[in-house]
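Protein sequence lines, in the order shown, are assigned to chains A and B. Numbering-wise (the numbering used here), the first sequence opens with residue 2 and increments by one. Numbering-wise (the numbering used here), the second sequence opens with residue 2 and increments by one.
One thing to keep in mind: the hints can contain errors.
Unchecked claim - Taking lysine-lysine pairs in the BS3-like style, the calculated list, with each CA pair at most 27 Å apart, reads: (1) B/Lys-273 / B/Lys-200; (2) A/Lys-301 / B/Lys-26; (3) A/Lys-157 / A/Lys-301; (4) A/Lys-26 / B/Lys-157; (5) B/Lys-301 / B/Lys-157; (6) B/Lys-200 / B/Lys-157; (7) A/Lys-157 / A/Lys-273; (8) A/Lys-26 / B/Lys-301; (9) B/Lys-249 / A/Lys-157; (10) A/Lys-157 / A/Lys-200.
What the hints assert, rightly or not - Going by beta-carbon spacing under 7 Å, a handful of chain B positions derived as facing chain A: (11) Ala-35; (12) Ser-38; (13) Thr-78; (14) Tyr-136; (15) Asn-138; (16) Met-318.
Simulated from the structure, these hints should not be mistaken for lab results. Just so you know, even glycine gets a beta-carbon here, dropped at the ideal spot from N, CA and C.
The primary structure of each chain is shown beneath.
Number of protein chains: 2
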Amino acid sequence: MSHGSGGRQTHDLVQDLLLSRLGNKTLNRMEDSAVISPSPGSRIAMTTDSYVVQPLFFPGGDIGRLSVCGTVNDLATSGAVPQVLSLGLILEEGLEFDTLEEIVDSIARAAEEAGVLIATGDTKVINRGPGDGLYINTAGIGFIEDGIEISSYNGKPGDKVILTGPLGNHEIALMKARGLIPFETDIQSDVAPLNRYVKEVLERGGDISAIKDPTRGGLASALHEICGHSGCNVTIYEEQIPVDRNVKAVCELAGFDPLYLANEGKYIILCKPESSSLILDIFGSAGAVIGEVQERGDGKGELLMETRSGGLRRLGMLETTQLPRIC
Amino acid sequence: MSHGSGGRQTHDLVQDLLLSRLGNKTLNRMEDSAVISPSPGSRIAMTTDSYVVQPLFFPGGDIGRLSVCGTVNDLATSGAVPQVLSLGLILEEGLEFDTLEEIVDSIARAAEEAGVLIATGDTKVINRGPGDGLYINTAGIGFIEDGIEISSYNGKPGDKVILTGPLGNHEIALMKARGLIPFETDIQSDVAPLNRYVKEVLERGGDISAIKDPTRGGLASALHEICGHSGCNVTIYEEQIPVDRNVKAVCELAGFDPLYLANEGKYIILCKPESSSLILDIFGSAGAVIGEVQERGDGKGELLMETRSGGLRRLGMLETTQLPRIC
Chain A
2 MSHGSGGRQT HDLVQDLLLS RLGNKTLNRM EDSAVISPSP GSRIAMTTDS YVVQPLFFPG
62 GDIGRLSVCG TVNDLATSGA VPQVLSLGLI LEEGLEFDTL EEIVDSIARA AEEAGVLIAT
122 GDTKVINRGP GDGLYINTAG IGFIEDGIEI SSYNGKPGDK VILTGPLGNH EIALMKARGL
182 IPFETDIQSD VAPLNRYVKE VLERGGDISA IKDPTRGGLA SALHEICGHS GCNVTIYEEQ
242 IPVDRNVKAV CELAGFDPLY LANEGKYIIL CKPESSSLIL DIFGSAGAVI GEVQERGDGK
302 GELLMETRSG GLRRLGMLET TQLPRIC
Chain B
2 MSHGSGGRQT HDLVQDLLLS RLGNKTLNRM EDSAVISPSP GSRIAMTTDS YVVQPLFFPG
62 GDIGRLSVCG TVNDLATSGA VPQVLSLGLI LEEGLEFDTL EEIVDSIARA AEEAGVLIAT
122 GDTKVINRGP GDGLYINTAG IGFIEDGIEI SSYNGKPGDK VILTGPLGNH EIALMKARGL
182 IPFETDIQSD VAPLNRYVKE VLERGGDISA IKDPTRGGLA SALHEICGHS GCNVTIYEEQ
242 IPVDRNVKAV CELAGFDPLY LANEGKYIIL CKPESSSLIL DIFGSAGAVI GEVQERGDGK
302 GELLMETRSG GLRRLGMLET TQLPRIC
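Here chain A stands alone, though its shape is the one from the complex (with noise of 0.2 Å):
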């Protein structure tokens, strides 16, 4: 508890332990504020997300690499170059030191894959009691070019809907972890950061109406929400939707929608026809065209899939819960 109570122990954890990994010229000067220069012209960017999940390590990634990625790829969805996160972290007393140093490192690697500073920190211990370990909030900044114009709200008839890889694998994963999945698989989460596509995308010339990552509630909760933004219809073909071959097995095996289930290094980007092949091209040959956007006269759009079978299903929002603590 003492390291928490911002004297000298609070001092030498965040000394030892934060700075010799996550140090920088801006995050070494341990002020109560960092300060950061934008680039003339740009507007910022600005997002958070706690980070709770459960266990604290997964196939895949753990909860430290997860609270930059998921952070990092919520900036760039309005278009923004991440620049700086700043990270709370909520230790549980009993928690033991190498743990945290092996999280901690995560987040150093995971930081330098994006390309993003952590600016700024703070620390606090609670009670022995969830064993849950630690919490993780990142919060971050980014700034977004003059012309760009990236939203939820921008989707337009016409606009092609890509998703840049198959879904799943994060929220699989994390079942297995749990204990949840009685049956071997060695599905990884695609935690991953996404932000260096997207500036790749823009710097050619991509032209992207808006992007969103489909965490929580997954694919279908992220377009149903695009579709009440945009205000048009949304069309997706069942059997273009990207799902790796052992997520199905388990999906069918447990009865598991792959449609609701959570990802963490994935986007929905809806674009102009013209450029679905640039961006294709840049996130990989995993990704794929999965619809498109149609008008929808009274502005309440819709979310629509049409089957394998050739019917057409209307898909809500998830409406209970898969699993919780996912991220």
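Once you have looked at the hints, place chain B on chain A.
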């Protein structure tokens, strides 16, 4: 638990409870990141804090008010005008809806008092267990106008040291709320946003070198840090340090040192001597000049206190825990 799953119930919680209280043009868009336009030429200040205070409600404040004031006050230490906050709520399963409502109302009132908007947010739910109810993380950004250079590294020999009001009320109020003070007292926490005062001082030409808020670790730890960063000595005069009569009484009876007690509505300000009366005037009558900054040849600044009896005592950082989870 289902309120945290990202589906319909999360959506309803956010819509009904949060947007109705905290809504504004930016937040209402409910996008994954908020977009803010900086004023031209300004630098950006960013900060974060997690709040794990127990109990959630205490004399003079609550965790919601604390989570706004703490972050706003950190931003203003760099001379920034706070603009927007992010809000990360970690709710414990079983938290009463009325309690959450009351705390969100308090956040809304404090944000209005401070003149900041909640721009983006996130809600997670953890399993019932610790009994803490909720944790809050806020991150904030503010803009710093050209020519303003306020930093804990900028203390200069000759600067006056101002404390803007009496010490210790927050921590004593928390102790009382936890049943740790076995006699009657009506001491209230001082939790309050201070950013408007800083803005006024700067607009009226006040020349400030450094600002720090003496929260965890108290006045002595905060000044100790300024000494280290600025490489100067600071000498404070015990008899000039304001402490309320009832706080002093509790400290004497219970053996606390007010120099190390946490505050949530006070600043230490280092300024040019000619600015001290302006600052005291703006912050109000309870403040005082409590010391001054002196040259230190080797750059290893120390904190010294001239005691009431005329002795000189060297003060270090807080070495032990006085009370955990006070912010």
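Hint check results:
Taken as a hint, the B/Lys-273 and B/Lys-200 pair is honoured in the structure, with Cα atoms around 17 Å apart against an allowance of 27 Å. A threshold of 27 Å between alpha carbons decides the hint, and for A/Lys-301 with B/Lys-26 the separation of about 21 Å falls inside it, so the pair holds. Taking the CA atoms of A/Lys-157 and A/Lys-301, the gap is near 13 Å; set against the 27 Å cutoff, the hint holds. Note on A/Lys-26 and B/Lys-157: the hinted pairing holds, with a Cα-Cα distance of about 22 Å set against a maximum of 27 Å.
About 13 Å separates the Cα atoms of B/Lys-301 and B/Lys-157, which keeps this hinted pair within 27 Å; it holds. The straight-line distance between the Cα atoms of B/Lys-200 and B/Lys-157 is roughly 21 Å, inside the 27 Å bound, and the hint therefore holds. Under the criterion of a C-alpha separation no larger than 27 Å, the hint pairing A/Lys-157 with A/Lys-273 is consistent with the structure, at around 9 Å. Taken as a hint, the A/Lys-26 and B/Lys-301 pair is honoured in the structure, with Cα atoms around 21 Å apart against an allowance of 27 Å.
This hinted pair does not check out: B/Lys-249 and A/Lys-157 have alpha carbons roughly 66 Å apart, beyond 27 Å. Restraint check: the Cα-Cα separation between A/Lys-157 and A/Lys-200 comes to about 21 Å, which is no more than 27 Å; the hinted pair holds. With 7 Å as the threshold, the beta carbon of B/Ala-35 comes within range of chain A, its nearest partner Cβ sitting at about 5 Å, so the hint holds. With 7 Å as the threshold, the beta carbon of B/Ser-38 comes within range of chain A, its nearest partner Cβ sitting at about 5 Å, so the hint holds.
A distance limit of 7 Å between C-beta atoms decides the matter here; for B/Thr-78 the minimum to chain A is near 5 Å, and the interface restraint holds. Using the Cβ-Cβ criterion of 7 Å, the hint placing B/Tyr-136 at the interface with chain A is satisfied: the shortest such distance is roughly 6 Å. Residue-level restraint check for B/Asn-138 holds (minimum Cβ-Cβ distance to chain A is 4 Å; threshold 7 Å). The restraint placing B/Met-318 at the interface with chain A holds, with a minimum CB-CB distance near 5 Å, inside the 7 Å limit.
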